[in-house]
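Number of protein chains: 4
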Amino acid sequence: AQASAFGLKDFSLIKTQAFIDGKWVDAKSGETISVTNPATLEELGTVPEMGLAETKAAIDAAAKALPEWSKTTAKHRHDILMKLFALMTEHHDDLGRLITLENGKTLTEGKGENAYSASFIEWFAEEAVRTYGEHIPSPFPNVRNITIKQPIGVVSILTPWNFPSAMIARKLGGALAAGCTAVIKPPPETPFSCLALVELARRAGVPDGVINAVTTLKNVGEVGKEMCESKIVKKVSFTGSTPVAKMLAGMSASTLKKVSIEAGGNAPFIVFDDANIDDAVAAAVICKFRATGQTCVCANRIYVHSSVYAEFASRLAEKMAAFKIGNGLDESTTHGPLIHARAMEKVQAHVDDAVALGAQVLVGGKSIPGTSFFHPTLLSDVPAAARVNSEETFGPLAALTKFETEEEVIRLANSTAVGLAGYFFSRDIGRVWRVAEKLEVGMVGCNTGLISQAVIPFGGIKESGLGREGGHGIEEYMNTKLIVFGGLT
Amino acid sequence: AQASAFGLKDFSLIKTQAFIDGKWVDAKSGETISVTNPATLEELGTVPEMGLAETKAAIDAAAKALPEWSKTTAKHRHDILMKLFALMTEHHDDLGRLITLENGKTLTEGKGENAYSASFIEWFAEEAVRTYGEHIPSPFPNVRNITIKQPIGVVSILTPWNFPSAMIARKLGGALAAGCTAVIKPPPETPFSCLALVELARRAGVPDGVINAVTTLKNVGEVGKEMCESKIVKKVSFTGSTPVAKMLAGMSASTLKKVSIEAGGNAPFIVFDDANIDDAVAAAVICKFRATGQTCVCANRIYVHSSVYAEFASRLAEKMAAFKIGNGLDESTTHGPLIHARAMEKVQAHVDDAVALGAQVLVGGKSIPGTSFFHPTLLSDVPAAARVNSEETFGPLAALTKFETEEEVIRLANSTAVGLAGYFFSRDIGRVWRVAEKLEVGMVGCNTGLISQAVIPFGGIKESGLGREGGHGIEEYMNTKLIVFGGLT
Amino acid sequence: AQASAFGLKDFSLIKTQAFIDGKWVDAKSGETISVTNPATLEELGTVPEMGLAETKAAIDAAAKALPEWSKTTAKHRHDILMKLFALMTEHHDDLGRLITLENGKTLTEGKGENAYSASFIEWFAEEAVRTYGEHIPSPFPNVRNITIKQPIGVVSILTPWNFPSAMIARKLGGALAAGCTAVIKPPPETPFSCLALVELARRAGVPDGVINAVTTLKNVGEVGKEMCESKIVKKVSFTGSTPVAKMLAGMSASTLKKVSIEAGGNAPFIVFDDANIDDAVAAAVICKFRATGQTCVCANRIYVHSSVYAEFASRLAEKMAAFKIGNGLDESTTHGPLIHARAMEKVQAHVDDAVALGAQVLVGGKSIPGTSFFHPTLLSDVPAAARVNSEETFGPLAALTKFETEEEVIRLANSTAVGLAGYFFSRDIGRVWRVAEKLEVGMVGCNTGLISQAVIPFGGIKESGLGREGGHGIEEYMNTKLIVFGGLT
Amino acid sequence: AQASAFGLKDFSLIKTQAFIDGKWVDAKSGETISVTNPATLEELGTVPEMGLAETKAAIDAAAKALPEWSKTTAKHRHDILMKLFALMTEHHDDLGRLITLENGKTLTEGKGENAYSASFIEWFAEEAVRTYGEHIPSPFPNVRNITIKQPIGVVSILTPWNFPSAMIARKLGGALAAGCTAVIKPPPETPFSCLALVELARRAGVPDGVINAVTTLKNVGEVGKEMCESKIVKKVSFTGSTPVAKMLAGMSASTLKKVSIEAGGNAPFIVFDDANIDDAVAAAVICKFRATGQTCVCANRIYVHSSVYAEFASRLAEKMAAFKIGNGLDESTTHGPLIHARAMEKVQAHVDDAVALGAQVLVGGKSIPGTSFFHPTLLSDVPAAARVNSEETFGPLAALTKFETEEEVIRLANSTAVGLAGYFFSRDIGRVWRVAEKLEVGMVGCNTGLISQAVIPFGGIKESGLGREGGHGIEEYMNTKLIVFGGLT
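Chains as they are written, first to last, in our numbering: chain A, 258 to 746; chain B, 258 to 746; chain C, 258 to 746; chain D, 258 to 746.
Think of the hints as simulated: they come from the structure by calculation, not from any bench.
Hints may contain errors.
Which copy? The list can't say, so a pair holds if one copy fits it or any two copies do.
Okay, derived cross-link-like pairs now, DMTMM-like style, lysine to aspartate or glutamate, Cα gap no bigger than 25 Å in a straight line [unchecked claim]: (1) 328 <-> 465; (2) 266 <-> 299; (3) 285 <-> 267; (4) 695 <-> 685.
Assemble the whole structure, with the sequences as input and the hints as a guide.
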């Protein structure tokens, strides 16, 4: 990997090694993973193919660093995280570009992700100094109760490629702020953003061993197993697919580890007859096609009331006509490529399946052969039985379904095993409260397609996850310890 | 089972059937489980041996009752729980007696447990109406964020025999207050306290299907599996042993269920040289021998500083000389029987092992053959390698070990995979903070052997558990839902 | 006073003496105050005319009782308050009747007030055991910070006649729960509800001296001054008019007393063009005419959008045609009398003033001579300059004003020095958030005319008050004490 | 005033004008106030003598700026305050020097104050984005309650000379973070630190009119009155003497303004027989002599148990022998001058009074004539009747009194009308809890003489104040608004 090839201002942000105990290291085997730019299908560079031994070493390093780091004051960790925030802000352009290069999203989106990512570091720095315990009145006259919050210990962090930086920052920020040390397994598709973040944390003063990053692709089975089953690790935080989540949760059960999971969604997007159609169309564009449909909170099923169905469909089609797919570095590009071939196949399969069942293609419907670009697609009259209505597409496919009543659409929206995000558009205050309360999801967007903010509790219910990130998410990395004082008289 | 044989004022509190969808039912197979009074080894009565089919029926009933119950106001649930609290108080003598009959603990302890059990019902009634969500300032000008708390859904509750009533109340109180419905699997040794509680809940106005209780012994494998793997159930709350906890957590992973676990402990009890020895001895009596040593927060390892070791040992032996084992219904009894033969064998094994390794028997050391009574035992100079120092005895065995320095004893105390409770005795404010912070447990008793109160966060770290009960424990039964409002201008 | 004349089931709830240090006492002077039933203008009975000496004695008694009461556990106080709650529920009919007899409101309203009053006692019982302090992470490594909540001390409580029971319960509940002792000055118009409450508190186990009640009319100046200026008293809680509030606040400044004030309001009630008119009319009936318009959160100014003005006016007039004024004990009565002649005069003055300025009388407009009954009145086209738009009427006068734009009506609504409650009717979610945020009041009713609940923070901004009652209102009776621990190593 | 005379790196931090509506202005009258360096008694420079007209203009400017500033997002205000924090850190040396020049404290103390001052700006920036409201479960099925926090409006800030920067930052940080605008009246002795802070706030992007600073000396009566009585101002925050506090509170009552007061203390400092004497002596040096005894939390009365009295006295005297009074800019100086002649006279009067009543002078006891330097003084056997035991000395006078029992010293410590801080030294955990709970103060130092941190609730009880600053102190600048939603079905 030629660092200069990335076109960054600060070449030294490009790291092509894993990071263990404060040192940049290669795999013992010497093997590497090739990382590709999805827009060009060219190799960006390589990172080491780490395995079980290196993972154990990383966990050991984290364990070794824990006693000292966990005893630092919250203010000390706050100040280091604030320095990291400042560095992420200072290197905004480079970090945004790096995201675009390895993930494919547009530069605007890449920079947006860096800002979002940095916002978690700042937020958790501020949360660190607010990890209040309690003084709890006792029913016994001569007893005093207090609780204190203590770091949970060594944390395993496993994250996906669709937010190469932000998913790590959301976990790592909470973990470091709490006083934990961490081992990160970044996604093999997008490791460079992770490694750049680690490098900046090092520059900010995070001590050796506090953060470790282990890159892996083919050894992911043994690496993930060790991260979940190690007796040293006390917490696993994972963002990714529901099947993998279940597997990791099962492995973590062997030591009763605390587990946070942010798994797959299948977000309904509902447009009622009393919606502001302008708002609904604009939100659909963002909510469905952001990152070319590759976010876990993207709308997956679009339900539109019959009385506004035609209008909504035609206006969305009109907006989509202005989309321009291409390399995210190109300023005119509105939508980048998908991450890889498997992603392309799934979108095409969802389109073909729906069409076979009677759906009509209003816009797009196919990919550009030999590339990772799929034309943003709008399907009309998608039947309930279509796969897109029960599986997450994770691509630029907007599938419209007509509905008649509030009760019907609530039932449709809730007819899935997952429950991450849901969206609806209505102006009536009564319906707003009713629908917001009834949607079986962790997060509801009402008249908006954008819900992500560092301050909110991000996470799902049902099979979409366990725990919440952002907001009070530092709690996920802390134990509440009760201290009961007796013998006071 | 002859209800009158129990000697209760209100015979109708004795229920010998399981409870599903508001009806008292037998097993389809007609099979029953014999329940024995451990003090007399006589049969108290029988309960049905339910299986997979009945468990599914119970879960279905809970699911059917959920929509209406979950939509009641928190105040409505508060009022019903307050009625249940009043009924438990009204039937205090009967409920205490029932606990003594099936568990063996003394009547004082039995009534104490009923009061403790009722305190959870009252506490969670009051918590129901305080399940506040938040209004969260947004970084975006035209966005408003709020969060609300919603019941998590159908809950599986699995509890042990050592607190036949309180362990259920601590879970059920939180679940009902939150708006959840529940399926309870009580322990086969002590089902009657559970069923009496269910009966009182019914009288208090809990609707059909909201609480279901399934008794089982030999079918426990299939029943437990269904309670953890059912797609309908959204939460499992378990108190019991660590190995079972791991198994249930593993099964629950298959649907990413939220799991609360209160598993085994191995509590250190440390007496420093600056301790008040009176306090320490008195606390050891309570903390080690309460319920004849059969609580998860009982002291398991007693570390005494060399300078006060002899004094502590002789004074504890003196106190133990006044113990009187016997039927808990007998007023002069201070300590009741163990629960069953397996329990007897484990205590004897721990004694024999320690003695074989060089420990000295200061008091007791053996059982009364043909009974479930084990003489409260005090061992001196127990070596580190003894099983009692690494396994929970769950019986009336106090094992003393000498130590020299604060650092040494902290290391000893923390050298275990579990971490529920820990106790220490010291008067120095500096040591108090240091040791309280360093003990790797969820709950610390400082100069006291009693930590349990409805108001505190009960639970452990490491392999002792997940989540906290009591205190803010209603959170374990609720989802936080985010609602983001856009389109406001 | 003939207790039997009140027609209560439990005659002993009628107390005609003041209560100091656990004893029912007369005034030293022997003077009394005559209490009249406003529906019949007949004397109900008398209470003592206490003065400065008795007030000092009451304060001294409260001071003497403080050390012991303040040291009881929160759970102990919780249990006593729960007994008081149970007694208030048990005597529901009597207490409701008593309110009707001395205040004039209908029996439904009287009983409603008793339930509301009792709800504060229950609420604060439950709050007592939740007065959590904090453990605050320190920026210094060897420092530990905790805070605890302690009762503020002796509290002076001064309340008005329009809620003879609930205004006292809202303050007394918080004060007792916190561990404070209290001196109450009930209103001379309605002292019996206060004294009955005190009697029930005594029966519930509140110790001597913890609650004291001093009745006064002509000596109110010296009594109030002592209650505010005494060096012993640490807190004054007042509900009443803004001018008196300012006077008491000024007196309290002499000792830097903590002061809670719930003073006058002048609630706007806004009906937008997108309102549900059914809801708005129904709410206006409740919000304007509840207690015959004599509550501090009654609508005082009704602004209706021009497009729905005629409809709203005619439908409100229609509803008002069904009103029946009369003795509150009569089941057919919908609206009772005003409290006294001064109240009658003010309403008539507001009507006359508005009519003189051009308003039209749609319904009512005058009183029944020789009684305290004023015909519920509806005025149309009330000009901005009318007194009713700048002064609180505190009577059954609904004054309608037409408006055109959201901006205009917000300006009108906010053009007053006070800001307690405000109401508006609109279905649009955007307007709902906008208007709710812009109204300069402490409490907003959106599509409802009823906001009072024990769980909410009741109170105003601007010249309507200081502090909040209900909800977290126990805080008003507690000090936060910081404890910083050093020297830990 | 010659800016260069101050010796700052950035001369432009020296502002000699008041600041109104974004402009640096002189008094209309042209009059000025002379500001003196207390170490040299030379004039440092002048600031304008503003009066009523300028105060009204400042209030009007704050009112004009309010609508826009209060509508900014909390994150926007957070970011501006973070910039201010960065600027205060960048100009650390200059700002510390400025404090030393006008206040006299040593440069170490001056810089320490700047760091402390900046810590409030950072803290409240972070608090701004955490001003959570609540979603409150309603007892009514179709009602939803939420609360939001809104800025209280225009704030008046009045502060003393002993912390020229930090007292302003503690208030201004909270006010700005909350979305309020402010008028500051800095002390005439030390206006330059205030004006430098205002200048940096301007550079950080605080808009015109949001902060205004009005300097005054002889017109302080009319200025203070307007700041408290203006109908525009909604909140007064004052730090200073108790008599002035009472006066301002009285004036503020005329509009029911919300008032925060941090007034005088008279801190007891207790050394028990089980204290660590090293710690106690070291703490006494800091706690009594910090800022030459001129802080409101300085120990004022030192009670030492008879068994350790002699040792404590001699060791404190020994430490004091190493004190070096002098110009704070001189590195060897440990203690600077007093602020002015009045302060000198009070200390001398307290010394003379105690000696006249029988106290013995162990160290110091007099001033250096013609200067503002008073020799740090240690008095032994100070009788209870001495003025130093009932009045705040606010100077370098340590007055020792012997005691025998815990009960006696608690009584002595509490025998005062004020209650800000209190300190005690004891190692026993039982005594620690007992004494900490019994001291009638807002803040307790246990085995430490330093309690100040931005994170803690700073403030007193009794006549020492109203409200708390730091910690959750942003609440003092916000109103809680309740929004009740009805009509939802």
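Among the hints numbered above, which are violated by the structure, and what are their numbers in rising order?
3
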